[in-house]
Amino acid sequence: MSAAARRLAVTAAVMTAILSAPAHAYLKLGAVVEEETVALKWRAGTISYFVADEGVPNVSAAEFQAAVQRAFETWNAVETAETDFQFAGFTNLQPFDVDDVNTIGFRERQDLDRVLATTGFSYLVSTGELIEADIFFNSRFAWTTASAGQAGRYDVQSIATHEAGHFLGLGHSALGETVREGSGRRVIAGEAVMFPIAFAAGGTNERRLRADDIAGVSDIYSSSGFRRTTGSIQGRVSRSGRGIFGAHVVAFNLQTGELVGGFTLEDDGGFVIAGLSPGLHVVRAEPLDDGELESFFDGVTPEDLNFRATFHDRLVVVPAGGSSERIEISAGAQ
Amino acid sequence: MKRRYLLAVAAAAACLGTPRLHATVIVPADLPELVAEARTIVHGRVVAAEPRAVPGERGVETLLTIAADEYLKGSLGPRVTIRVPGGQIGDRRYVVVGAPVLRSGDDVVLFLGGSGPSVPWILGLNQGVFRVRTDARRAARKDQFSGEERIVEAQSDSVRSMAPGPAGAVPLDVFKTRVRRLVAQGENR
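Protein chains in written order, with the numbering used here: chain A, 117 to 450; chain B, 952 to 1140.
In isolation and in its complexed conformation, chain B is listed as follows (with noise of 0.2 Å):
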């Protein structure tokens, strides 16, 4: 019989008004607050993911590598690296609870902050994450169904839920088109 190991890191979780996500105690946000506290919007997929020693402070953090595939705000070029805290450098793994962990060939929609010449990050640890997956149902039955069988999941539930459809899953185009109407419109104000 197989055993299925579970990883218990916490991760950014819904919270609204007063309840918040302790472990990582994050202050939701919502998808329009996310697409206005982005710099960059992209979505790409994880080449490459290197761990370090934070220049100068004593931290240690991952830089991942996001070949990008389209910039839904700003752009970064079609490689993009960002960091992430945590990490494993010999023997040592370093892990912030409620770090977002990404692995090579991931497929995502990053939020990422970022100031001035610095390496981006991710906004709210995991609530800038939205990974993007191939619909088993749609896909299989993919002749019934013109629309798109990707599909956007997000990360932090107070950003799921602005995603109706199960699992709070919502088609990536759909999902696209409503970050780009988002971010039109800011520009606007």
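Next up, chain A with everything else stripped away, as it sits in the complex (with noise of 0.2 Å):
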């Protein structure tokens, strides 16, 4: 499929889409509007949710709620970022129910039996605006919300943080390794909430959030001085001079460790990462390799995953309020 077509097809599908501006590092969703893209986002300044009053063997309700108010908290706290969402009450209705009532809760379906969680939003086409989004546990797997998480089941809190990220509009990050085995994967890293996929059961690590996932819910609820306070950088990855579409790229801070990830999303394998402390970093792109590639990407695929993973030849310095020079990596072929 040419370019031009891939491009038709993907604007006809008009659901979630990367934003063009001014930045991006993680993805975000987005939709396109009037033939421009725009991040889907509540306009609210407070967005109440309601918890589905059922629980499940091990977890009540109110413990339930407690741990979705806590993963809800940890992406309310982050400073850089202006989100205000609270907890209205136990409700009688169902996840995934269209209502405009933001509702969390377990719940059977059929359609769903080997789905663990996921979640579900409405938007305005018209503008882009998070009109209700719901979250899905499902009530057939062995759930927990003890403070240490509990063998063989699954952490209320972690999973509840990774879906709140949707519920606020991101998509997934590239940020984290796993490795084959037999006929799947086995997470031996994870940099990123959003990472989709999850550690083993019994595990609460993906209860914090990461420098990935702050920048990401920064970028789309900026506070009055993450633009200030931040930078980024851009630049283009190519091999043999044609640029690479879909290669995910690295900022490494040398100075904090922080890592943040993004993706070159544009025809010359253009790339732009915001939301990185200011300072030295290191950047590296690589092909995606980890997870499936249509967990971060819908109706185009990266024609090129057959490149070598490659470093930037030099440091590259970040300021507070702006851009580092444009960067060139060219990747060789594996």
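There may be inaccurate statements among the hints.
[As the list claims (entries may be wrong)] Sample of chain A residues lacking proximity to chain B, with all beta carbon distances greater than 12 Å (derived):
1. Ala147
2. Gly161
3. Phe166
4. Glu170
5. Phe203
6. Thr234
7. Gly236
8. Ser238
9. Glu279
10. Gly287
11. Val398
12. Val433
[Claimed, not checked] Just so you have them, the derived chain A footprint on chain B, three or more residues with Cβ under 8 Å:
13. 996-1010
14. 1036-1042
15. 1075-1081
[Claimed, not checked] Beta-carbon label-pair distances, calculated as ranges:
16. B:Arg1131 to A:Thr372: 52 to 60 Å
17. B:Arg1131 to A:Ala264: 46 to 54 Å
18. B:Asn1139 to A:Glu224: 50 to 58 Å
19. B:Glu1001 to A:Ala177: 30 to 38 Å
20. A:Asp383 to B:Val1125: 27 to 35 Å
21. B:Arg1131 to A:Ala258: 34 to 42 Å
22. B:Leu1014 to A:Gly341: 43 to 51 Å
23. A:Phe427 to B:Ser1055: 28 to 36 Å
24. A:Ala193 to B:Arg1131: 50 to 58 Å
25. A:Glu224 to B:Glu1001: 24 to 32 Å
Simulated from the structure, these hints should not be mistaken for laboratory data.
We treat Cβ as the ideally placed atom computed from N, Cα and C, and that holds for glycine.
Dock the two chains into a complex; use the hints.
See below:
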């Protein structure tokens, strides 16, 4: 499919899309509105959510609600973002009903029998405004809200923290490492709550936001100081002079140790990674090789996944409130 | 300069044992499991998509009509209608993260679940979707290959890894042969 045809196909989908400006690390959910991509986001200052008044074995409705609330408070606590999610009460409504009520709860659905949890949301096509979001937890699985986790059970708070990221309008991050084992993958490292593959049941690692998550939510719901105190890296990834679309680009801050990732989203391999702490960064481009491509891209597929992970040959200076000089990364074949 | 839009939906991802994909946290199914669980396996093309409010509920779903080329398991006639969560009604679009996004013209092999007279659904959201695409390299050099230039790509990595080859793709005829063999094995048990 030609680039033009692919773009048309994607645009025609009018679904979640990555924003075009001003920058992006992580992935943001968006929609095409009058030929422009806009972030899917809540417009109201305070977003209320209800919790279905129904527990499951080992987790009461009250325990579930408390864990979910802790997950939302984790996002609310990000200083560079202005989000305010408030628990509004228990409800008899069900998640995934389209009723203008944000509902989070356990439910069993035959067609979602292999789904542990997922988020559904509604938005206005004409504006990109989020108007409802629900989080579905599958009651068929074993859950826990124990503070240290529980072997063999999924941690409500960890899963809720990830789902709350989608609730806010974030897509997936590629900052994680997996290894193939048999017919699947095992996660060996995760540097973003929004990495699409979770650690093992029983763990609680994903209750804590990482730099990439914070950059993402701050980009959507920026506080007044966010743009002033952070900077960005811009550049291009190519192989044999041809831009690589869909390359994963990672910026590592030498002073803070923070990792923030982004993607080349331009036809010519161009990328921008925003929300970076000022300072010296090491930048690496790599093919997406962890997780499922369609966890990140829908409607388009990166053409070139067969290049070697390549570091930019110099350290990159990120200024506060500005952007680095444009860098070029020439990747070789694997 | 063109800017491409990347859709950030979560799809069924690969996980083995304890790791799980979240956003849409999928219990991984390998190909034999999908074959065993599917009531129907159909290769066909999407010819229509019609969003609707779910009767008797408050949800939104999209009914997809598939023009069947071939059934690998079961049969639901020359055209089969299936449902996937989400869709657009008026100015409002409802999205379930992880639900497959299929459009008219898509060439797919679908593993369908269902019970009784209900409208079938795709197993494991994206896990039951295998897209059929033309292998551009093979098509361009077709005179050098006698094999099938259409390839099957799993949407789920756990299944994709069952199909060795570039990007996990496998020739369509090889894939169908494998599925038929698994169906036959299940019938002989």
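Comparing the hints with the structure gives:
1. Not every C-beta of chain B lies more than 12 Å from that of A:Ala147, the closest at about 7 Å, which undercuts listing it as non-interface.
2. No beta-carbon of chain B comes within 12 Å of the beta-carbon of A:Gly161; the shortest separation is about 22 Å.
3. Chain B leaves A:Phe166 outside its interface by the beta-carbon criterion, the shortest separation being 14 Å against a cut-off of 12 Å.
4. Here A:Glu170 stays apart from chain B, with its beta-carbon at least about 17 Å from theirs, past the 12 Å limit.
5. Every C-beta of chain B lies more than 12 Å from that of A:Phe203, the closest at about 21 Å, which supports listing it as non-interface.
6. Separation of A:Thr234 from chain B is inadequate, the least Cβ-Cβ distance of about 4 Å not exceeding the 12 Å criterion.
7. A Cβ of chain B approaches the Cβ of A:Gly236 within 12 Å, the least distance being about 4 Å, so the stated non-interface status is violated.
8. Not every CB of chain B is more than 12 Å from the CB of A:Ser238 (nearest about 5 Å), against its label as outside the interface.
9. With a closest Cβ-Cβ approach of about 7 Å to chain B, A:Glu279 is found to fall inside the 12 Å limit, against its non-interface label.
10. The non-interface label for A:Gly287 is inconsistent with chain B: the shortest C-beta to C-beta separation is roughly 3 Å, within 12 Å.
11. With 12 Å as the threshold on Cβ separation, the claim that A:Val398 sits away from chain B holds: the shortest Cβ distance comes to roughly 25 Å.
12. Every CB of chain B is more than 12 Å from the CB of A:Val433 (nearest about 25 Å), matching its label as outside the interface.
13. Look at the segment 996-1010 of chain B against chain A: 4 of its residues bring a Cβ nearer than 8 Å to a Cβ of that chain, three or more, so the hint holds.
14. Requiring three or more residues with a Cβ within less than 8 Å of a Cβ of chain A, the coverage given for the segment 1036-1042 of chain B holds, as 4 such residues are present.
15. Counting residues of the segment 1075-1081 of chain B whose CB lies closer than 8 Å to any CB of chain A gives 4, which reaches the minimum of 3, so the coverage claim holds.
16. Range check, B:Arg1131 to A:Thr372: about 56 Å between beta-carbon atoms, so the 52 to 60 Å window is met.
17. With their beta carbons about 49 Å apart, B:Arg1131 and A:Ala264 fall inside the hinted range of 46 to 54 Å.
18. For B:Asn1139 and A:Glu224, the hinted distance range of 50 to 58 Å is not satisfied, since their beta carbons lie about 33 Å from each other.
19. Taking 30 to 38 Å as the suggested C-beta distance range, the pair B:Glu1001 and A:Ala177 conforms, at roughly 37 Å.
20. Between A:Asp383 and B:Val1125, the C-beta spacing of about 34 Å keeps the proposed range 27 to 35 Å intact.
21. Distance hint for B:Arg1131 and A:Ala258: a CB-CB separation of about 36 Å, consistent with the stated range 34 to 42 Å.
22. At about 48 Å, the CB distance of B:Leu1014 to A:Gly341 agrees with the hint of 43 to 51 Å.
23. The beta-carbon spacing between A:Phe427 and B:Ser1055, approximately 44 Å, falls outside the hinted interval of 28 to 36 Å.
24. Checked against the given bound of 50 to 58 Å, the beta carbons of A:Ala193 and B:Arg1131, roughly 55 Å apart, stay inside it.
25. In this structure the supplied range 24 to 32 Å holds for A:Glu224 paired with B:Glu1001, their Cβ-Cβ distance being about 26 Å.
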